[in-house]
Amino acid sequence: MKFQLGGSVTHRTSDALGDIVVMDYRKHRVLTFDTIFEQSKIDRNKPYLPVHEYNRAMLLPIAFAEPRHATVLGLGGGTMVNALHHLLPACEIHAVELRQAVVDVAHAYFGLPHHPNIAVTVADARPVLHDMPEASTDLIMADLYSADRMSPAQGHRRFIDLCALALSDHGWLALNFHLAPSREGTMMQHIHRLFADVMLYRTKTNNYVLYASKRALHGDMPGATRLATLEQRLPIGWPQLIGKVWAA
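Numbering-wise, our numbering comes out as the position in the sequence shown, counting from 1, plus 94.
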């Protein structure tokens with residue numbers, strides 16, 4: 095997400111791919127690679143609570159089915175892993191991050207826990223996906239971004255193929271896009287061939303989250319009681335979020 099970032103620099107490091115900067119502004123902490131785009135943002139007092147709307151929206155598949163195993167592609171500051179672990183402490187979480195320095199910063203500055211149920215692999219996401227056994231995970235959340243753009247891999251049909259193979263028969267895929275694939279385009283048609291139901295969410299900053307379910311929903315949406323229970327466990331505005339989802 096693009097902003098002119100204010101606040102003070104708390105930590106700065108770099109690796110072969112560029113700078114990694116941690117900035118504090120009032121109650122928030124931000125991970126950025128260029129001091130323009132926010133890669134991750136947390137409330138320092140509640141690091142498990144996602145601040146960005148698109149991060150909150152990416153959690154919506156949990157309203158339909160709670161995963162026993164989740165895969166997070168693109169760790170960043172660990173926002174999604176923190177939220178998942180807080181909401182579902184028994185869930186096994188496998189995060190994949192290209193940069194070891196980003197993993198180190200997530201642990202040191204963003205409250206990413208060291209826990210037996212959380213495994214982090216430092217690697218390119220594509221070969222990791224390729225090597226995952228079929229039907230081995232219930233939720234894949236893909237947020238693969240460099241300093242200023244989405245990884246091209248995330249927009250390729252082969253990437254979607256690998257996700258579909260790795261997901262269980264009741265699994266969900268959540269993808270963060272700057273621009274949603276065209277409804278009539280080859281990418282969206284390919285997703286519809288592999289998944290029973292496909293939905294979209296548009297944020298106020300015009301990010302899109304695409305959801306794809308292996309199991310047909312038949313129009314069933316989570317009820318008020320279910321959403322209220324989730325809101326007690328992780329207060330991110332579940333009823334409001336689910337109200338902005340539409341069929342793609």
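Please keep in mind that the hints were generated in silico from the structure rather than gathered at the bench.
A few of these clues could be false.
To be verified - Restraint ranges, calculated between C-beta atoms of paired labels, are given here: (1) A217 - H272: 35 to 45 angstroms; (2) H272 - W340: 16 to 26 angstroms; (3) H312 - T280: 21 to 31 angstroms; (4) N139 - Q326: 32 to 42 angstroms.
Glycine included, C-beta positions come from ideal geometry on N, C-alpha and C.
Subject >> Outcome of range test on Cβ distance (H272, W340; 16 to 26 angstroms) >> reply: Distance hint for H272, W340 holds at roughly 18 angstroms.
Original post:
Honestly, do H312 and T280 meet the 21 to 31 angstroms range at C-beta?
Top reply: Hint holds: Cβ distance 27 angstroms, inside 21 to 31 angstroms.
Original post:
In this structure, is the beta-carbon distance linking N139 and Q326 contained in 32 to 42 angstroms?
Top reply: violated (19 angstroms)
Subject >> Satisfaction of the hinted span 35 to 45 angstroms by the C-beta atoms belonging to A217 and H272 >> reply: violated (24 angstroms)
In this structure, the earlier hints numbered 1 and 4 are contradicted, and the remaining ones agree with it.
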